[in-house]
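> Take these sequences, add in the hints, and give me the full structure.
For reference, the chains in residue letters:
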Amino acid sequence: MLKNYFKIAWRNLVKNKVYSFINISGLSLGLACAMLIILYVKDEVSYDRFHKDGEHIYRIVSQNFNESGVPDGMNSSTGFLQGPRFTEDIPDIKEYVRIQSTRRDVKIGAEVASLDLFYADPNFFSMFTFPVLSGNPKTCLSEPFSVVISEELALTQFGTTNAVGKTMMFRDNEDFVPYTVTAVSQKSPQNSSIKFDMLLPLHVTEKDLANNFNWFNSFLNTFVSLRPGANVSLVNDKMQDLYLAQTSETAKIIKEQYGNNRLPPKHFLQPFTDMHLNKELPAQNGLTDASNPTFSYILSGIALFILLIACINFVNLTVARSVRRSQEIGIRKVVGGKRKQLVFQFLGESFLLCFFAFAMAILLVQLALPIFNGLANKQLSISFLLDAKLVLGYVTLFVITGLLAGFYPALVLSKYSPVDTLYSRFMLSGKNYLQKSLVVLQFTLASLLIICTFVIYEQFNFLTTQELGYDDTDLVLLQKNNLTPDEFDTFKARLASHGNILNVAGKNAGYWFTVAKVGADKQIDFANETVNQSYIPTLGIQLKEGRNFSEDHPSDATQSVLVNESFVKEAGWKDPIGQTVDFWYNDEKYNVIGVVKDYHYESLGLTIRPQLFTMKPSYDLGMLYVKIAPGSATSSIANIEKVFRDMFPFDPYSYHFLEDQNYQSYEAEAKWKQIMLFSAILTIFISCIGLFGLSVLSAEKRTKEIGIRKVLGASINNVVAILSKDFIKLVLVALLISIPVAWAIAHKWLENYPYRIQLGWQVFGIASLLVILIALSTISFQSIRAAVANPSDALKAQ
Amino acid sequence: MLLQLNNLFKWVNSGGQRIFLLKDINLEVEEGEFISIMGPSGSGKSTLLNVIGMLDAFDEGEYHFLDESVHTLKEKHRANLYKEYIGFVFQSYHLLDELTVKENLEMPLIYKNFKGSERKAMVADMLDRFSIVGKKDLFPSQLSGGQQQLVGIARALISNPKLILADEPTGNLNSKQGEEIMDIFKQLNDDGVTIIQVTHSEKNAEYGSRVINLLDGRMI
Ligand SMILES: Nc1ncnc2c1ncn2[C@@H]1O[C@H](COP(=O)(O)OP(=O)(O)O)[C@@H](O)[C@H]1O
Ligand SMILES: [Mg+2]
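Residue numbers (this note's numbering), protein chains in the order written: chain D, 3 to 800; chain Y, 1363 to 1582.
Because the hints were derived from the structure by calculation, they are not lab data.
Certain hints may be false.
Claimed, not checked - Footprint (simulated), chain Y over chain D, 3 or more residues, beta carbon under 8 Å:
no., region
1, 11-21
2, 412-421
Said to hold, decoys possible - Partial selection, computed: residues in chain Y whose CB lies under 8 Å from chain D:
no., residue
3, 1441
4, 1460
5, 1469
6, 1473
7, 1517
Here a beta-carbon is modelled for each residue, glycine too, at the ideal position from N, C-alpha and C.
Structure follows, in structure tokens:
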């Protein structure tokens, strides 16, 4: 019996090649997407679960409050004190490990490179499960001047993983001091939030440990492990009590000195494994790969879309073929087939198709994995598929798809009475609402994705080409820590001797946000920038009023500031020039001498915030901006490198073009852009092969009608129009549904961007036109074939 | 007695009107009879045949088949009854295009849960009996109409039915092929199989022992 089912199923597959191709290719694409997403989600939820004692590990975090006690943000970092003080007084806490992320200059041969590393407490390897290849994990971080490196770094640094006992030179101010490699660890797993190439022992002075002001500085991650059976909420309460008791003195002082009226933060424990997907308390401060769960949801949604569309093809094509199949069912019933047996036969066919689709899907996953890894920023491998739970998941997916795709046809078609089908009294209801609504659903989803893709492309284009308020072309960015004004002048003078170097400017590294008084009792937050006078002209920032810093006014360095328009607005000044900015906490007052037009110093994903420029010589510059002549990149970069290496032989040299860096700040958008493009192409492709199948079957069914029409004088165009009209109507309905939905989604998404495109009708118009064109060309391919066929053949065949 | 129809009516409702397809049919069929049903197109011949074959329901009256009262039987029982005792032959053969001759013959046996070895023997026997052994691996589309109808009859006979119902079995055949088919029916009837055929041809009707004439769903 089973063999017979298979034989029939196989023959049906081979005989109806178009139908089989559409179903297998559609389903395999859908399944491949689903598999990739399952891989992705599995990886996401597996983060940090490989530690032996993982369920007992927590991170100390806190909830901040404002003056009136309203929650005001979360803080995932802690300072030196939380770990040791809490562990000392709360017995349920077994141990703590503090991890501080930093960057140090390391000498590699004659070169100096800045490398990321962690300072960690000596029991790092007893709390976390990171296999150590050589060296003693218990003691490797106990001694100062020890360093633990990963096997990868050992290979690049020493050419061997057998590196214990070798030395590495770390910069300490002006000198390089030797550190001894005490252990070599395995590469951190892909699904680890803590990924390190180097660990140094965390050193905290006795003085720092005793200083209660350190409760208020948070800059590292503190992990604790609880004893089995510990009650987390009790530990939370105890931590808070301890915190309040130990900070009561210092909190008072801080309140008086700095006017801080915020209520104290509430400390609590965050499970280690909760970190990776937590939006409020993400893996940060050197911890990596923090991920937004929305990403998983949206990807899953898209995979479901694609799978659904593929299953719809299956159902629709089966129903469309049912006139033919119903004859078969009639015969089978007459010779004794029971309904149940027929249901099994149809399910068998659908499972056989699914089986092929599945095999194809695994192949596709293998092929698509590199692209997918790039998009998802992961290193997933096909071997992830060979996991017992996952295999079970795929089997479930297989069964569900098989049932979903086969059940409807099996149940509906097996219902017909043989008398109806064999005597051709049976008519597939001309209306056939189910098929029509399914086609509408497919094209609604496909158009939705296409419109969203258009919107993302446009917004991305806007973000990357928008006027920034300054000129980021031909601007080379260099990093140089602790650059003194004198060094800057020499550097600039030496570069100036090379043609093609148009200007050089300095600024403090990164952005530093602080507060100051801008009126009697008005205080605002702003970015406090330390620059020199060439900064404004080098970047081509526009002055709105007043003047730039100038050598003609020596007092500028100590008394003057420039501010941007947002600053003026926030301060509420009518006449900004001459106003005072009061840094009351270190007793410095400055006069505003100029206002620059707002420019996008951060990504366009952020509103321009107030910005203030000083030229204080006591602050170090950390970044150099070199404006080079257009088209001179190769020679200018070489010159810059020569001068830099010559002047600062012990500093790491690396450069970026500001334009590239700005572009890279839209990496997330670029990724979404690609993901949407892929899914839009996939959905429209699968929808269209389905439509193609339907048009083939419909043309087949209407062969006689077409023949008669042509004999009566219908032109090829007439016939194509007749055959295409019904399908195009469905596509139009789908567009009518998807446009408002897409508009709402796009609108919502764009709200995340303070600077965004206007949603014009053009996006919708062009996307709709595209969908219609694609659908039309799909259908007309078949319609034209039917239309040009010789009518006498068509009539004879009947 | 093989079967008996008493005051049997069948109708359909169309536009609020009751249209009778069969009206007051009374019929007794003894085992071993060879009956021909005749009448103009649309007079209800196929409908009557399908009611007898239990493929179609009726609305009023009684139907006894062997010792069972078909009108009181549940669907499942009825299906078992016709599966066991009745074989169908159609004007347009209704073979499955996807299956070979051999597989078409085997299909009813599969549904009746015969074992593989038994099926093989029975199929071989049939192929032999109808001299189509050479065609066993061909698909229906590779056969002539007469050959296809032979396969159709062989399929109807393969599970040894008591009653063969044939709806214009020679309708699509030329006269020579038709004659061959009728000879086969005659032979079957001589072997004891009861046959009810629908036919338009007086000549074919002469093969039978009795003729039933239908007009507008009524026996005349
Ligand atoms: N289920 C049905 N619904 C409506 N009309 C039917 C149905 N079945 C048969 N008929 C009609 O009943 C009449 C008799 O049909 P049929 O038995 O096929 O005639 P015959 O086989 O004698 O040519 C025809 O007019 C046919 O259209
Ligand atoms: Mg008829």
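> Are there three or more residues in the region 412-421 of chain D whose C-beta lies within less than 8 Å of some C-beta in chain Y?
Three-residue rule met by the region 412-421 of chain D, so holds; n is 3.
> Less than 8 Å between beta-carbons is the criterion; does residue 1441/Y satisfy it with respect to chain D?
Holds: closest Cβ of chain D sits about 7 Å from residue 1441/Y, inside 8 Å.
> So is the region 11-21 of chain D in contact with chain Y by the C-beta rule, three or more residues under 8 Å, or is the coverage claim wrong?
holds (count 3)
> With chain D as the partner, please determine if residue 1460/Y meets the hint condition of a C-beta pair closer than 8 Å.
holds (4 Å)
> Do the numbers back the hint for residue 1469/Y, that is, is its least Cβ distance to chain D under 8 Å?
Holds: closest Cβ of chain D sits about 6 Å from residue 1469/Y, inside 8 Å.
> Does residue 1473/Y meet its interface restraint, that is, does its C-beta lie within less than 8 Å of any C-beta in chain D?
Interface hint status for residue 1473/Y: holds (4 Å vs cutoff 8 Å).
> Under the criterion of a CB-CB separation shorter than 8 Å, is residue 1517/Y in contact with chain D as hinted?
This interface hint holds because 7 Å falls under the 8 Å limit.
In this structure, every one of the numbered hints holds.
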